[in-house]
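Peer 1: Here is what each chain is made of, one letter per residue.
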Amino acid sequence: MSSNGNLLQLKLRVWRQKGPDDAGKLVEYQLDDVSPDMSFLEMLDHLNAKLILEGQEPIAFEHDCREGICGACGAVVNGMSHGQEKGTTLCQLHMRKFRNGETITIEPFRASAFPIIKDLVVDRSAFDQIIRAGGYISVNTGNAPDANAIPIGKDKADLAFDAATCIGCGACVAACPNASAMLFLSAKVSQFALLPQGRPEAARRVKSMVAMHDELGFGSCTNHGECSTACPKEISLANIARLNREFAKSLISV
Amino acid sequence: MLDSKIPAGPLTEKWDKHRMNIKLVNPANKRKFTILVVGTGLAGASASASLAELGYNVITLTYHDTPRRAHSIAAQGGINAAKNYPNDGDTIWRLFYDTIKGGDFRAREANVYRLAQVSNNIIDQCVAQGVPFARDYGGLLANRSFGGALVSRTFYARGQTGQQLLLGAYSAMMRQVALGKVKLMTRREMLDVVIHNGRARGVIARNMLNGQIEPYTADAVVLATGGYGNVYFLSTNAKACNVSAAYRAHKKGAFFANPCYVQIHPTCLPVHGDIQSKLTLMSESLRNDGRVWVPKNKGDKRPPAEIPEADRDYYLERKYPSFGNLVPRDVASRNAKYVCDEGRGVGETGLAVYLDFADAIQRDGEETIRAKYGNLFHMYEKITGENPYRVPMKIFPAVHYTMGGLWVDYNLMTTVPGLYALGECNFSDHGANRLGASALMQGLADGYFVIPYTIGDYLATAWGDLRKHDVTPETAEFKDAVKDATDKTEKLLALNGERTVDSIHRELGMLMWDKCGMSRTKEGLEEAAAKIPQIREEFWRNAKVPGRGAELNQELEKAGRVADFLEFAELIVQDALHREESCGGHFREEYQTPEGEALRNDEEFAYVAAWEYNGVGEAATLHKEELKFENVELTQRSYK
Amino acid sequence: MTLVKQIFGTSVGRKQVVGLTSLVLCLFIVGHLIGNYYLLFGEAAFDGYAQKLYHLGYLLYMIEIGLVTAFVLHFTLAMSLALKNMSARQSRYAVAGSKGGATWFSRTMAITGTWILIFLILHLIHFKFAPRDHHYELYHIVDQFFASKAYVVYYVISVCCVGFHVMHGFQSAFQTLGIYRDDIKPGLEKLSVAFGVIVAVGYSVLPIFMTLTEAKP
Ligand SMILES: Cc1cc2nc3c(=O)[nH]c(=O)nc-3n(C[C@H](O)[C@H](O)[C@H](O)COP(=O)(O)OP(=O)(O)OC[C@H]3O[C@@H](n4cnc5c(N)ncnc54)[C@H](O)[C@@H]3O)c2cc1C
Ligand code: SF4
Ligand code: FES
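For the protein sequence lines, the chains are A, B and C, in the order given. End of the first sequence = 278 in this note's numbering, gap-free, step of one. End of the second sequence = 623 in this note's numbering, gap-free, step of one. End of the third sequence = 226 in this note's numbering, gap-free, step of one.
Extracted from the complex, chain A is given alone in its bound form:
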């Protein structure tokens, strides 16, 4: 590292859990040479390299794109999903946001529907199940009319886009006091509810996705709003309201 002067000394408390059935505990590590330019994940890489060479098991954590779009990364840092910065995934969080000497507690996303696999790695396949239950528009390849056949007002298209930016990271579930996945679910329902292509299946979609959500063991939404502030894509609570509206509509439609 180039400028030794401003390296950070940090105390890390990291959740270590060998496997799904292990009880798990917080383990302390001291890191004295953290560059402020490192991303949070690079800091973990750095710690892992040390652990490996010392003959210890590295900390398992998920990541891939490291630029905030794949949704693979995520942990609860000092009690906050993806750390304290708003609109940021863990991979985009940089160590310059931490103070020298700080103690950082790193835990996995916790929810019954997201069982822990190892250390910070959790099983988020429940999200796929929710999508499977109706998060699509039923159109076979080759069946599509010309792309400009249905004009869609820019305002609606933009709202649909905002909802569609969800990266499926699960931070909303981790932050929700009820471990509800309603923000994730509502983002998908909203995207399709706002587009004319999505209307024909709207009622069926919302019913079956909500039913699946419940079956998977997520909690119900009680409108705390923690999800939206934790969401790295800042998905709006308006989407949950829209989902509720769609659900109510589906009660009266056939």
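FYI, nobody ran anything at the bench for these hints, they're computed from the structure. Note that this is a predicted model, so its numbers are computed, not measured. Glycine included, C-beta positions come from ideal geometry on N, C-alpha and C. Some clues are possibly wrong.
As the list claims (entries may be wrong) - Each pair of labels, with its calculated beta carbon distance range: (1) Q33(A) with L200(C): 44 to 52 Å; (2) Q99(C) with G181(B): 47 to 55 Å; (3) I166(C) with P220(A): 51 to 59 Å; (4) I276(A) with L92(C): 26 to 34 Å.
We have chain A already, so just place chains B and C with the ligands on it with the hints.
Peer 2: Below, chains B and C with the ligands alone, put in the same frame as chain A:
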């Protein structure tokens, strides 16, 4: 000579004729076939969905925890199509021509034309799926222009086009999962292709949660496993991207084409320290307003604001007065390398150049610049902690895309019968250089509109043979492959040296970047060819792989991939050495025009180099596919 | 899915019933509060008001049945959701943190709700079903009840709970029923807090006033 199976007839009619002539599988019989798809990026997800819709049984594997995380998710800029909505004179022909020319005349005409033909269907399909493309106030789709084209043909969804397209393909696939037609196997890393009686009949994969090595049998195998840019360690690719699936297919007999064609993107965030794990792409559009410069004098360590105009070198404007900062990707990248090699690079590492917006801000005002690039500036500040409105950005080129890949014929079949390659994992459409917004187009073209037809032809033809030589997990080849993979895993787990897998990967990457990156020489390549085996040896002697096999073990996964990179790198270098010309992403310093531009040698090298595997450390055997240009005229690029 | 199953078998259906009933109960809270202010005008006025209510006859019974139904649905469904929510996260975070959103009021809905249930039952016992000669002779009962300082404190705490519950609950009901606009959300949140304060203060004022006036010779 390789047979690319290009249909006869005029270019514009080849695909239609081909579709008419190929055999179809009886709809009732489709459910008797199982197709294995590896990968859930744009190519894999679209193929899985479309094949399942046709009635085939599809098994789809991915090493991700969910299909939606495939690297396609990260594509930013957009996707091309010849819709001509802006009425600016675009046609299928023009898209075809731009792609061929952009590829520096090293791509197959027939494939590229087909790609341009189906490009419009892709946009229709995606819109029908609910992909929220940008629209204008009239409610119709918006377009923007991209490098290498004079028309506006790029469809986009803000800076997240890849994400939106992938989510579209993913949802189409999940619908088939719900219908029971796609069996989705996540957290499965394919380790080998299994060939029985001369045909690809399945794969074996490691269950990444419990380490089980699982056999998967099928009637055909489709690889859509992405590119190999991570052989350079640092790249804009996602961390997990790797060559293993393609490389192991190569080891089983599939030829690997043009591995030396690697695209290096000029505007990425520079390396900041030796712990850096990946590079981030900054949109190329920044070069519209930013001015690229470095200090005139070597070792000038003054902060940029204190360097007077007289001591700055706006080298792109100086060398290319007419294109200036807007020269193509490869030219911009190479020149950044030259100035840094001269010791004039900036930043802590000396491996960066300035991209300065001061003049643009003075000319147009900060608000205008903010409106154009606000989100990019914000991202830059988030990562670097520097405010680009005040201090010039620091940028540097980075490995971005790999044009090379498994050799495939017109039907996207590799040299192994029944084994197909789609998307970035094949070599087919981009020649020696890919134009912006064309990879997404190709991935979806392959998956939605090509493979559903061409695989039917194979299955209909091979039907009798496939049934006669049916396979089960007990078939000898499967058992052998499982055993091989188990042995290899054990070998990796036994590594108990003094170095992390990453440090060795980093060493390989540095070597490749220096000697086989933006600009290559015979000596440099020979040096690399000599060093790679040493690094490989170092790996097998001195790497350390902790943990056990029967659990989630990310270091083990990494080690397996790096082991393949260490073999595959040699193939890249061999290809680069043999191609004694410069074209697209492959620049050999010995072959340049007096102005320093890439100098092609069409007489000798207008062919696809497809390599056949001969063993670890053994030179591969070259097979050529002649490239015939019957519809376009070969020209030399110039950006002066 | 049958309609009943869709409403009572899903989390969103249940919470929409909770939201809908909450608005009914909010109306009741307001009505009850207004009625209470007859207390200020003395025994005759208050008992007269009570008598008027009793004269509604069957209408009153229907309103009462409606309220009880609303309350029972509201409470049981909300509790069933709260239990589901508790099981949705079985392991706790070692460090509690928040980037914003939840409030003390939103986090204590189940607690304030349970308190309100107990309060309500006792309230009915203390007032509605209290033994008396004529059912509309209520002023006297109220007066006696608030003669005890302890009861006043208990009552004030309880109506504060109602206020807190409403602070989150009122605006939450709109969100739950899908009534949302970005531009009305901040206003609705303020209104909700104001509503809660009015309920808490409005109900507390009376017993405090009565105690103070009683203390005078
Ligand atoms: C930062 C960035 C920006 C880009 N922007 C653009 C753009 O604007 N426009 C454009 O056209 N192109 C762009 N590209 C290029 C484009 O994104 C890719 O070329 C394209 O998405 C590749 O798609 P794919 O389906 O072939 O592979 P990928 O999306 O890489 O998918 C590979 C899949 O294979 C799976 N896989 C791989 N190996 C195995 C294995 N052994 N076992 C099991 N599964 C395996 C993975 O899990 C994954 O699902 C960009 C690329 C980058 C890096
Ligand atoms: S809604 Fe936000 S927090 Fe939840 S999964 Fe999507 S991106 Fe992540
Ligand atoms: S690693 Fe992809 S979002 Fe963080």
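Peer 1: Taking each numbered hint in turn, which are not upheld by the structure, reported in ascending numerical order?
Peer 2: Nothing - there is no hint that the structure violates, so all of them hold.
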